[in-house]
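**Student:** Below are the chains, spelled out letter by letter.
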Amino acid sequence: MQSIICFTSDFGLGDTWVGMCHAVIYRACPQARVVDLAHDIDPFDIRKAAAVAASGVWQLPEAIHLVVVDPGVGGGRRDLCVVTKRGSVLVGPDNGVLVPAIWRAGGIESAFSIVPAQLNFQLPLATFHARDVLAPAAAALACGVEPENIGEPVDPESLGASPFRIGYQEGEALVAEVVDVDRFGSVRLAISQEVMSGLNADPTHLEVSLGHLQMDVPFGRTFSDVSEGELVALFDSSGWLTLAVRLGSAADRLGIEPGSVARVRIGG
Amino acid sequence: MQSIICFTSDFGLGDTWVGMCHAVIYRACPQARVVDLAHDIDPFDIRKAAAVAASGVWQLPEAIHLVVVDPGVGGGRRDLCVVTKRGSVLVGPDNGVLVPAIWRAGGIESAFSIVPAQLNFQLPLATFHARDVLAPAAAALACGVEPENIGEPVDPESLGASPFRIGYQEGEALVAEVVDVDRFGSVRLAISQEVMSGLNADPTHLEVSLGHLQMDVPFGRTFSDVSEGELVALFDSSGWLTLAVRLGSAADRLGIEPGSVARVRIGG
Amino acid sequence: MQSIICFTSDFGLGDTWVGMCHAVIYRACPQARVVDLAHDIDPFDIRKAAAVAASGVWQLPEAIHLVVVDPGVGGGRRDLCVVTKRGSVLVGPDNGVLVPAIWRAGGIESAFSIVPAQLNFQLPLATFHARDVLAPAAAALACGVEPENIGEPVDPESLGASPFRIGYQEGEALVAEVVDVDRFGSVRLAISQEVMSGLNADPTHLEVSLGHLQMDVPFGRTFSDVSEGELVALFDSSGWLTLAVRLGSAADRLGIEPGSVARVRIGG
Numbered sequence: 032m033q034s035i036i037c038f039t040s041d042f043g044l045g046d047t048w049v050g051m052c053h054a055v056i057y058r059a060c061p062q063a064r065v066v067d068l069a070h071d072i073d074p075f076d077i078r079k080a081a082a083v084a085a086s087g088v089w090q091l092p093e094a095i096h097l098v099v100v101d102p103g104v105g106g107g108r109r110d111l112c113v114v115t116k117r118g119s120v121l122v123g124p125d126n127g128v129l130v131p132a133i134w135r136a137g138g139i140e141s142a143f144s145i146v147p148a149q150l151n152f153q154l155p156l157a158t159f160h161a162r163d164v165l166a167p168a169a170a171a172l173a174c175g176v177e178p179e180n181i182g183e184p185v186d187p188e189s190l191g192a193s194p195f196r197i198g199y200q201e202g203e204a205l206v207a208e209v210v211d212v213d214r215f216g217s218v219r220l221a222i223s224q225e226v227m228s229g230l231n232a233d234p235t236h237l238e239v240s241l242g243h244l245q246m247d248v249p250f251g252r253t254f255s256d257v258s259e260g261e262l263v264a265l266f267d268s269s270g271w272l273t274l275a276v277r278l279g280s281a282a283d284r285l286g287i288e289p290g291s292v293a294r295v296r297i298g299g
Numbered sequence: 032m033q034s035i036i037c038f039t040s041d042f043g044l045g046d047t048w049v050g051m052c053h054a055v056i057y058r059a060c061p062q063a064r065v066v067d068l069a070h071d072i073d074p075f076d077i078r079k080a081a082a083v084a085a086s087g088v089w090q091l092p093e094a095i096h097l098v099v100v101d102p103g104v105g106g107g108r109r110d111l112c113v114v115t116k117r118g119s120v121l122v123g124p125d126n127g128v129l130v131p132a133i134w135r136a137g138g139i140e141s142a143f144s145i146v147p148a149q150l151n152f153q154l155p156l157a158t159f160h161a162r163d164v165l166a167p168a169a170a171a172l173a174c175g176v177e178p179e180n181i182g183e184p185v186d187p188e189s190l191g192a193s194p195f196r197i198g199y200q201e202g203e204a205l206v207a208e209v210v211d212v213d214r215f216g217s218v219r220l221a222i223s224q225e226v227m228s229g230l231n232a233d234p235t236h237l238e239v240s241l242g243h244l245q246m247d248v249p250f251g252r253t254f255s256d257v258s259e260g261e262l263v264a265l266f267d268s269s270g271w272l273t274l275a276v277r278l279g280s281a282a283d284r285l286g287i288e289p290g291s292v293a294r295v296r297i298g299g
Numbered sequence: 032m033q034s035i036i037c038f039t040s041d042f043g044l045g046d047t048w049v050g051m052c053h054a055v056i057y058r059a060c061p062q063a064r065v066v067d068l069a070h071d072i073d074p075f076d077i078r079k080a081a082a083v084a085a086s087g088v089w090q091l092p093e094a095i096h097l098v099v100v101d102p103g104v105g106g107g108r109r110d111l112c113v114v115t116k117r118g119s120v121l122v123g124p125d126n127g128v129l130v131p132a133i134w135r136a137g138g139i140e141s142a143f144s145i146v147p148a149q150l151n152f153q154l155p156l157a158t159f160h161a162r163d164v165l166a167p168a169a170a171a172l173a174c175g176v177e178p179e180n181i182g183e184p185v186d187p188e189s190l191g192a193s194p195f196r197i198g199y200q201e202g203e204a205l206v207a208e209v210v211d212v213d214r215f216g217s218v219r220l221a222i223s224q225e226v227m228s229g230l231n232a233d234p235t236h237l238e239v240s241l242g243h244l245q246m247d248v249p250f251g252r253t254f255s256d257v258s259e260g261e262l263v264a265l266f267d268s269s270g271w272l273t274l275a276v277r278l279g280s281a282a283d284r285l286g287i288e289p290g291s292v293a294r295v296r297i298g299g
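The listed protein sequences correspond, in order, to chains A, B and C. Just so we're on the same page, the numbering used here is the position in the first sequence counted from 1, plus 31. Just so we're on the same page, the numbering used here is the position in the second sequence counted from 1, plus 31. Just so we're on the same page, the numbering used here is the position in the third sequence counted from 1, plus 31.
Honestly, I wouldn't trust all of these hints.
[What the hints assert, rightly or not] DEER-style ranges, computed between Cβ atoms: (1) B:R58 to A:Q224: 47 to 57 angstroms; (2) B:G118 to A:H236: 45 to 55 angstroms; (3) C:G107 to B:A232: 21 to 31 angstroms; (4) B:M246 to A:H243: 51 to 61 angstroms; (5) C:E288 to B:A192: 45 to 55 angstroms.
[Stated by the list, open to error] A short list of chain A residues far from chain B (calculated; beta carbon distances all over 12 angstroms): (6) A84; (7) V88; (8) G118; (9) E177; (10) P184; (11) G191; (12) G202; (13) V226; (14) H243; (15) D256; (16) S291; (17) R294.
If you're looking for bench data, these hints aren't it; they were derived computationally from the structure. Quick reminder that beta carbons are idealized off the backbone N, C-alpha and C, glycines included.
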């Protein structure tokens with residue numbers, strides 16, 4: 032049942048890495064289906080991979096999510112398998128890249144440090160744990176192996192830190208980082224519907240401060256709720272509060288990048 | 032039998048969108064095979080997506096073609112399912128993106144406006160019909176559901192306009208837009224073999240006017256029919272009349288872009 | 032058993048070519064699994080495709096490797112099927128692109144020139160042998176057809192020349208071209224572990240000359256064996272001797288490109 036493996040990495044599509052992980056999975060578990068989310072992520076961009084994985088787990092919780100951006104490969108950091116409270120299974124290095132996906136999937140139910148010797152796979156190459164540890168682990172899980180049989184339990188509190196902070200309330204405002212800018216220029220803030228509900232209101236407009244900008248933005252359902260070229264705030268498929276421009280790029284308009292911090296309050 | 036779904040979009044490969052559509056299809060119809068044609072299309076570039084889809088349907092008529100470039104998502108435009116006279120099934124938004132593929136597949140046999148409630152899928156998110164309406168529709172069709180069971184019939188004359196015009200005869204010349212420039216720099220004109228046959232001759236050379244250029248171009252079968260660096264006209268796999276430079280880029284050479292208009296006549 | 036087809040090309044992901052090859056294979060041999068290695072290779076870059084294919088066959092010898100970078104398509108060059116001494120099966124044009132993969136797979140056991148008429152496929156289009164000759168051949172092989180049944184034997188000595196030379200010993204040094212620069216900026220030299228063993232030592236440092244640079248580089252197992260920003264030499268997953276910078280780009284640091292020539296000797 033849990034045979035879909037969503038795969039995110041910074042491997043690009045100009046080398047063998049993505050394909051080799053596919054091949055390893057197909058061989059170890061032919062019934063698994065590997066679904067590529069994104070591989071076109073800048074090298075070592077943990078923030079972007081974490082944002083994609085969080086969006087993926089939000090949209091498809093009942094799957095295995097394999098996430099590999101791994102600047103520390105071979106240097107002793109742990110390879111994790113995390114089972115979340117909503118039943119998602121996450122596999123990736125212990126460098127924070129899984130943490131936002133854990134938030135979006137209800138928190139940690141149990142976490143394990145993968146032990147390569149338990150995978151019945153070749154000796155791991157020190158430069159390519161994706162192929163030799165993480166993909167084989169995802170394949171084993173896809174074929175029904177229990178997480179506790181591929182690793183040692185780890186303390187959920189011991190995981191590496193997230194590349195960004197989840198939005199939080201400060202007085203009447205929500206403070207949140209820009210998590211991600213998508214290819215259409217939409218700007219996603221680390222504000223889930225759950226965080227948003229802290230404002231205790233059903234807004235028609237939001238007041239957004241971003242750097243030196245102060246904006247009153249209509250809160251809508253879709254890009255077409257405003258006229259061409261106008262800003263709208265909405266929850267898009269990522270599940271994060273998103274600033275978008277109809278038929279344009281909010282990121283270009285606002286001149287912002289991932290990592291900026293916004294303050295959001297009910298407008299009108 | 033019709034279980035191949037050819038998928039074209041402007042989603043890129045840096046976010047979750049393409050993968051989520053794959054996952055939706057695999058779940059609803061495990062025996063479907065999704066084949067990605069192109070996702071690396073500029074955001075909102077309906078012309079390019081229409082050109083790719085037309086080339087895809089020309090090469091693989093007996094398939095379902097899912098085409099998503101959808102600047103108007105959520106704004107009330109229809110989601111279409113079109114069955115063509117040659118048996119191809121096209122699924123995409125009603126913004127013209129399917130029209131060139133309809134031409135290449137023999138014209139409309141029947142057309143339907145997809146009714147999400149008939150898809151037995153989750154409530155559509157207003158920003159992501161690809162995942163919640165179009166991909167589920169393609170999956171249902173791949174698993175044998177009849178088009179009339181997922182939507183309401185629509186008048187074939189009511190479809191949104193094509194992003195480009197098909198070539199037409201004017202005196203002894205054919206007038207046609209540049210449909211597409213491929214990554215090798217080959218320039219495709221909206222002239223199918225059928226349109227070409229209007230010239231009533233089996234040419235060895237073509238006279239091509241493009242902007243201020245006037246060229247006599249050998250008409251061949253393949254790039255190697257001319258010397259390195261020379262122009263040749265041929266029908267490539269897209270099924271459109273194509274201007275190419277052997278081991279070079281015709282687009283760079285001629286300085287033209289999609290949307291330019293050419294006049295073609297028998298040369299010699 | 033040999034149903035994985037690793038696919039490498041310069042087709043990019045903005046047109047129909049890759050997908051059409053997938054579709055052809057799925058139809059002719061539904062049980063085949065196509066694994067995309069790289070399609071994001073510059074048009075006509077035979078060197079890069081050869082490097083990727085060599086790395087692919089090194090990592091996954093027991094597969095069919097379909098490699099298409101084919102500037103001479105339609106011009107009479109042969110379409111090859113090569114069986115290697117380690118049991119890999121390679122399919123691609125006879126322009127040298129398969130040769131480094133042949134080296135990495137133990138050399139030629141037998142080689143054939145594919146005869147389209149023996150493939151039971153449509154007449155080949157002169158511009159698209161990938162779809163009409165090479166992919167159908169790979170599909171037939173994946174479904175158990177013997178190589179001798181799809182082509183005529185050819186003399187292994189008659190194959191087109193490799194785009195790069197394998198490293199060789201000269202006195203106490205190894206001389207080798209830069210085969211490839213990967214997206215992380217790692218620089219791969221045409222030195223396999225076998226070639227390296229010619230130095231008859233188990234080095235801790237290498238002396239590398241590259242252009243006007245003369246460097247003493249620690250020889251390690253992984254990027255993390257040195258401090259951030261420092262150079263390390265290692266054998267990465269490609270199986271070639273690789274110069275890397277921890278959390279940085281060796282190519283940028285050294286200012287080199289594929290095709291440069293390096294001299295390597297035991298350092299200390």
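**Student:** Please go over all the hints and tell whether each is borne out by the structure.
**Tutor:** Structure-based check of each hint:
1. B:R58 to A:Q224: 47 to 57 angstroms: violated (24 angstroms)
2. B:G118 to A:H236: 45 to 55 angstroms: holds (50 angstroms)
3. C:G107 to B:A232: 21 to 31 angstroms: Distance hint for G107 (chain C), A232 (chain B) holds at roughly 28 angstroms.
4. B:M246 to A:H243: 51 to 61 angstroms: Holds - the Cβ-Cβ distance for M246 (chain B) and H243 (chain A), about 54 angstroms, lies within 51 to 61 angstroms.
5. C:E288 to B:A192: 45 to 55 angstroms: holds (47 angstroms)
6. A84: A84 (chain A) is in fact no farther than 12 angstroms from some Cβ atom of chain B, at 9 angstroms.
7. V88: V88 (chain A) not clear of chain B: closest Cβ-Cβ about 10 angstroms, inside 12 angstroms.
8. G118: holds (15 angstroms)
9. E177: Non-interface label on E177 (chain A) holds, nearest chain B Cβ at 23 angstroms vs cutoff 12 angstroms.
10. P184: holds (30 angstroms)
11. G191: With a cut-off of 12 angstroms, G191 (chain A) remains clear of chain B, as the shortest Cβ separation is near 23 angstroms.
12. G202: G202 (chain A) clear of chain B: closest Cβ-Cβ about 30 angstroms, beyond 12 angstroms.
13. V226: V226 (chain A) is indeed farther than 12 angstroms from all Cβ atoms of chain B, at 19 angstroms.
14. H243: The assertion about H243 (chain A) holds, with a minimum of 28 angstroms to chain B.
15. D256: violated (8 angstroms)
16. S291: At about 19 angstroms from chain B, S291 (chain A) clears the 12 angstroms cut-off, so the statement holds.
17. R294: Consistent with the label, R294 (chain A) stays out of reach of chain B, its closest Cβ about 24 angstroms off (over 12 angstroms).
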